[in-house]
Amino acid sequence: MDEAVAALGGGAKLIAGGQSLLPVMKLNLAAPTDLVSLAGVPGLADIADGGDSVTVGAMCTHTQVAGSGIVQARIPALAAMADGIGDAQVRNAGTIGGSVAHNDPAADYPAACVALGATIVTDRREIHADHFFQGMFMTPLEDDEVITAVRFPVPERAAYAKFANPASKYAVAGVMVAKRGTGVRVAVTGASGDGVFRVTEMEEALEDSFSAEAVAGIGVSSHELLSDTAANAEYRAHLVTVMAKRAVEACG
Amino acid sequence: MPTVTMTVNGMQRSGTVESRTLLVEFLREHLGLTGTHVGCDTSQCGACVVHVSGTSVKSCTCLAVQADGADVTTIEGLANGTDLHPMQEAFREHHGLQCGFCTPGMVLSAVDLANRNSNPSEHEVREWLEGNLCRCTGYHNIVKAVQAGAQAMGGGS
Amino acid sequence: MSGNGTGIGASVKRKEDTRFLTGRGRYTDDINLPGQLYGYILRSGMAHAKIGTVHTDAAKAAPGVHAVFAGKDMEGVGGIPTGWLIHSKDGSPMVEPPHPALALGKVRYVGDCVAIVVAETADQARAAANLIDVEREELPAVASIKAAEADGAPQVFDEAPGNVCYDWEVGDKAATDAAFEAADHVVSIDVVNNRLIPNAIEPRAAIANYDPATGEYTLYTTSQNPHLTRLLLGAFVLGLPEHKLRIVAPDVGGGFGSKIPHYAEEAILTWTAGQLGRPVKWTCDRIDAFKSDTHGRDHISTARLALDADGKFLGLHVSTKCNLGAYLSTFATCVPTYLYGILFAGPYTTPAVYCEVKSFFTNTVPVDALRGAGRPEATYLLERLVDKAASELGMDRVEIRRQNFIREFPYQTPVALQYDQGDYDATLDLALEASDWDGFEARRAESAARGKLRGIGISTFIEACGIAPSAVVGSLGARAGLYESGSVRVHPTGSVSVFTGTHSHGQGHETTFAQIVSDMLGVDFDAVDVVHGDSAKIPFGMGTYGSRSLAVGGTAIYLAVEKVIEKGKKIAAHLLEASVEDIEFENGSFTVAGTDRSKSLGEVALTAYVPHNYPEGLEPGLEETAFYDPLNFTFPAGTHVAEVEVDPETGEVDLVAVTGSDDVGRIINPMIVAGQLHGGLAHGIGQALMEECVYQDDGQLETGSYMNYTMPRAADLPSFSINHNTTLCTHNPLGAKGVGEVGSIGVPPAVINAVIDALRPLGVHDMSMPATSQRVWQAIQQAQG
Chain A
1 MDEAVAALGG
11 GAKLIAGGQS
21 LLPVMKLNLA
31 APTDLVSLAG
41 VPGLADIADG
51 GDSVTVGAMC
61 THTQVAGSGI
71 VQARIPALAA
81 MADGIGDAQV
91 RNAGTIGGSV
101 AHNDPAADYP
111 AACVALGATI
121 VTDRREIHAD
131 HFFQGMFMTP
141 LEDDEVITAV
151 RFPVPERAAY
161 AKFANPASKY
171 AVAGVMVAKR
181 GTGVRVAVTG
191 ASGDGVFRVT
201 EMEEALEDSF
211 SAEAVAGIGV
221 SSHELLSDTA
231 ANAEYRAHLV
241 TVMAKRAVEA
251 CG
Chain B
253 MPTVTMTVNG
263 MQRSGTVESR
273 TLLVEFLREH
283 LGLTGTHVGC
293 DTSQCGACVV
303 HVSGTSVKSC
313 TCLAVQADGA
323 DVTTIEGLAN
333 GTDLHPMQEA
343 FREHHGLQCG
353 FCTPGMVLSA
363 VDLANRNSNP
373 SEHEVREWLE
383 GNLCRCTGYH
393 NIVKAVQAGA
403 QAMGGGS
Chain C
410 MSGNGTGIGA
420 SVKRKEDTRF
430 LTGRGRYTDD
440 INLPGQLYGY
450 ILRSGMAHAK
460 IGTVHTDAAK
470 AAPGVHAVFA
480 GKDMEGVGGI
490 PTGWLIHSKD
500 GSPMVEPPHP
510 ALALGKVRYV
520 GDCVAIVVAE
530 TADQARAAAN
540 LIDVEREELP
550 AVASIKAAEA
560 DGAPQVFDEA
570 PGNVCYDWEV
580 GDKAATDAAF
590 EAADHVVSID
600 VVNNRLIPNA
610 IEPRAAIANY
620 DPATGEYTLY
630 TTSQNPHLTR
640 LLLGAFVLGL
650 PEHKLRIVAP
660 DVGGGFGSKI
670 PHYAEEAILT
680 WTAGQLGRPV
690 KWTCDRIDAF
700 KSDTHGRDHI
710 STARLALDAD
720 GKFLGLHVST
730 KCNLGAYLST
740 FATCVPTYLY
750 GILFAGPYTT
760 PAVYCEVKSF
770 FTNTVPVDAL
780 RGAGRPEATY
790 LLERLVDKAA
800 SELGMDRVEI
810 RRQNFIREFP
820 YQTPVALQYD
830 QGDYDATLDL
840 ALEASDWDGF
850 EARRAESAAR
860 GKLRGIGIST
870 FIEACGIAPS
880 AVVGSLGARA
890 GLYESGSVRV
900 HPTGSVSVFT
910 GTHSHGQGHE
920 TTFAQIVSDM
930 LGVDFDAVDV
940 VHGDSAKIPF
950 GMGTYGSRSL
960 AVGGTAIYLA
970 VEKVIEKGKK
980 IAAHLLEASV
990 EDIEFENGSF
1000 TVAGTDRSKS
1010 LGEVALTAYV
1020 PHNYPEGLEP
1030 GLEETAFYDP
1040 LNFTFPAGTH
1050 VAEVEVDPET
1060 GEVDLVAVTG
1070 SDDVGRIINP
1080 MIVAGQLHGG
1090 LAHGIGQALM
1100 EECVYQDDGQ
1110 LETGSYMNYT
1120 MPRAADLPSF
1130 SINHNTTLCT
1140 HNPLGAKGVG
1150 EVGSIGVPPA
1160 VINAVIDALR
1170 PLGVHDMSMP
1180 ATSQRVWQAI
1190 QQAQG
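Residue numbers (my numbering), protein chains in the order written: chain A, 1 to 252; chain B, 253 to 409; chain C, 410 to 1194.
In short, the hints are calculated from the structure, not lab data.
Hints are supplied without guarantee of correctness; some may be wrong.
Said to hold, decoys possible - Per label pair, the in silico range of CB-to-CB distance:
no.	chain 1	residue 1	chain 2	residue 2	range
1	C	E1111	A	V24	39 to 45 angstroms
2	B	T257	A	A216	42 to 48 angstroms
3	B	T257	C	P1079	45 to 51 angstroms
4	C	P1020	B	R265	50 to 56 angstroms
5	C	E625	A	D143	55 to 61 angstroms
6	C	S1009	B	G284	26 to 32 angstroms
7	C	S1128	A	D49	39 to 45 angstroms
8	C	P472	B	T257	23 to 29 angstroms
Each residue gets a CB set at the ideal place from its N, CA and C atoms; glycine is no exception.
Assemble the whole structure, with the sequences as input and the hints as a guide.
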């Protein structure tokens, strides 16, 4: 790990599974001078049950998270979400650390991290999800900082509902709903160019009454949402509400 | 330039590559294994799927250096001599291929599924194949072939 | 025809499959020639611009670069030709502007070829291309039909005022107008046929070589028709005689029409190889394929149907505007005319039909044939209109069709075609039964109980395939004949090589044609090999498109086999000391009628090559070639039924069931035929529900990759129900009609009719393709006000 950190900085870039970085490199949107691989660093692909939390090593692939007995038992919504990322081959190679560090505004993990109140653990500090996802491809990570794990508090109930772009299969609107104690979090990905955001009005309504009906009438403003060939802002806003409703229903 | 060494279809192969050389480029251009195809540049079509350490990955979205030390299986390495692998045989039997271009990736993706699930439902097969595009078959016979191939493999290859 | 285990009618496993399944197919990009260089094509990023000097010095000086050529360098080399001359209503010929292989003076679409960089490696060529500086002045672009026809629209070509290429018509306008005057009902419809991007999974590629010792050029290319490419590239572009230009189309990873045209890159590569005296290889990446493979469809139409009080069709009037893109691709001009307007009788007895088509140049990728080519556009319009007529007249959708079916054959349509044979009731009945049409309302209720809207849709259609005969297409403007060649070589020991001018890129010709020959000659299936795709091996050929390969190419082979048998009879008669008239040939044996005296084909073949005891005056050898020029189109027909379930909350359309009931003529290999139907259906469903090429107003391609152009995936489709009712084509000996395009022609209107059926209770009466979730949701919002 020390070796990896030392090699970073300058034009070097960290590569985990490469499922986000390599596509942008191939389109010449990124041209790092060097790539530093974490593949050889031991202990980064473990999943640990910490009682009230589950810690997922940064190099765990989506396939690993989806298939983990610990994740399935403690946070089934997270396993299901990981099982819906990309396609089978992307899940086999892509990692939680890479996805979180990349902070693609249409990626699934940011919604899970924010809704579940996860903590991003790096080689030098811990950053709460609320402070981590700072906008499209923006995070507080320093150039030579390495995510080592993500720690998810175990919720009472949680579910993720995604409406995927029919072409790319990225989220057009992905909503993770999580309930823990009296608190409820609703985090949305895919809908905004700024990345994941919370819908506090829905959270408050669900804290009053945890039911699909509670959010059915709550819309988000289409004002700042993305608009593309698959979904304009108005349709996206509508889908956020529908996905929120379905996520609540799926919480059971 | 880094040197990579990996086991490809049971044989140890080495080569000097650029650090940004993709695994598919190493296979096709350095090793002459042209059975692995490239159909897109956005990691979607799946024509380039190979196995790296037993699981299916898109070799267009994997650096050669990332596969250093790994065990790689390409379509050329699936048959046992002249005996087709059960999944290959199922594709032949059920007409799961037409032009053949997506076929190597399709077959290797299917083998990975069968290794995890020896009796996948039609729905499971269709969902699994999200990362493999075919323009010829309408997937109908591919789905049948994958189900039959998985059964024939008996849950492990 | 014995119909034995490998004969005609048997689902023989494909000969091709072993090499494809083991990674030993040989596609163009798999070929490497000693000393090869790599070409990179620099493309225009602007849709419309004047270009001045192309500064290439920096690129030429870049590492590994051998040469850079731009438009000026190729000036004087012929432009890329088009294959069909269309005449306008007033008799004037279409506007046919030049299409330089490398842009000269102007670029006209995003993707237009500007320069080629040739270097030691592909990466070096690509990197050097970034150093090319093109002097350019951006011009306003027209990226759609509407923009092209607007007053004062920018002109793609000075010689095409109003951007019009031609204004064509077919049918009797006066008779059609009269039919409308006599009508009790007139139903009209406006439809858009969405532009599609073909997306064969193998991107185009080419590798060209020049041998100074022989003066011969060889071009390996991803083509559906190598001889046609040789004709266009040799005779029209480079001025090379056929014997000095060899075209090889090896294994090709799907075509769907996009690998018919002769492309500028083929000319650039071949010319460049000649300049450098070294092989030059080029492989298109997918992003460039989106903006350089020909696109398909792109029509706007308005149509009116005249009916009597009982729902009998009296007349049909169609006005279509279509987008040809920036240049005229090989078959661009005939697709929206002679493959479109002449389809409008459909399976119906409509006595008066008139269709006019105005075609426009735009600053978009050239448009050419795409699976179905003209016939899906016609079928979509007609079957949407018939459904709308049923709805407006309060008639049953099935009955209105049945009431207007053609039942007497041959049938002369009012739009030039003569249908030879068909049974449209039979395929309709079969489809209704197989789709459980009558049980639909129960399924609709079940869906409704789950909050879903279920709909069912139907289309009944004909197509015209195996385009022909040459004399007729020639009189209509085709610049080539549309016959096919087949050669059958029986080797001395009895094995057989078959040479066909068609090309197989997924269709399984190596299997199907071997079945025909093995069945006819009574030789082992494994003893027959089919050779295709190499102009140096095949006498001649027009290639594979328009579902022609079996009906036209298969017939040529059939006729060549007959010639072989005729010659064999002469040899056998001599050996058996009998009269030729008394020799019968069956199951591989020549027998003196009424006796047990016979000679096997193997014995006869050996005698043909070792002619010690041989008929006087007969040439040695046992090899025959036939050219077959079809007497008529073939007319596959059928009924397709689609069933959908719509989620009213999200607008998502779940395609629940698809039933095909088709008459494709004689089926040689049912397994392969089913596969062709499956693929065509998926393509048609893609058009109906997912695929749409979108250009921004400035001519930038918005749907330029798989990130935003939706390809049908496995999970988007159901398993298909495939059913057949066969009538034989009357004018080819195989009775074959064609199957490759059926699905993409028949199913799109069935799917959209199903979506409209599902949404009708919400007040939605129209839907455009593709019926994406967003479009469906918006339609629901609009209807609900």
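Outcome of the hint check:
1. Between C/E1111 and A/V24, the C-beta spacing of about 20 angstroms breaks the proposed range 39 to 45 angstroms.
2. Range check, B/T257 to A/A216: about 58 angstroms between beta-carbon atoms, so the 42 to 48 angstroms window is missed.
3. A beta carbon spacing of about 49 angstroms between B/T257 and C/P1079 agrees with the range 45 to 51 angstroms that was offered as a hint.
4. Checked against the hint of 50 to 56 angstroms, the C-beta distance between C/P1020 and B/R265 comes to roughly 54 angstroms, which is consistent with it.
5. For the pair C/E625 and A/D143, the supplied restraint of 55 to 61 angstroms holds, since their beta-carbon distance comes to about 57 angstroms.
6. Checked against the hint of 26 to 32 angstroms, the pair C/S1009 and B/G284 fails, with Cβ atoms roughly 44 angstroms apart.
7. A hinted range of 39 to 45 angstroms holds for the C-beta pair C/S1128 and A/D49, which are about 42 angstroms apart.
8. Distance hint for C/P472 and B/T257: a CB-CB separation of about 28 angstroms, consistent with the stated range 23 to 29 angstroms.
In this structure, the hints that do not hold are numbers 1, 2, 6, in rising order.
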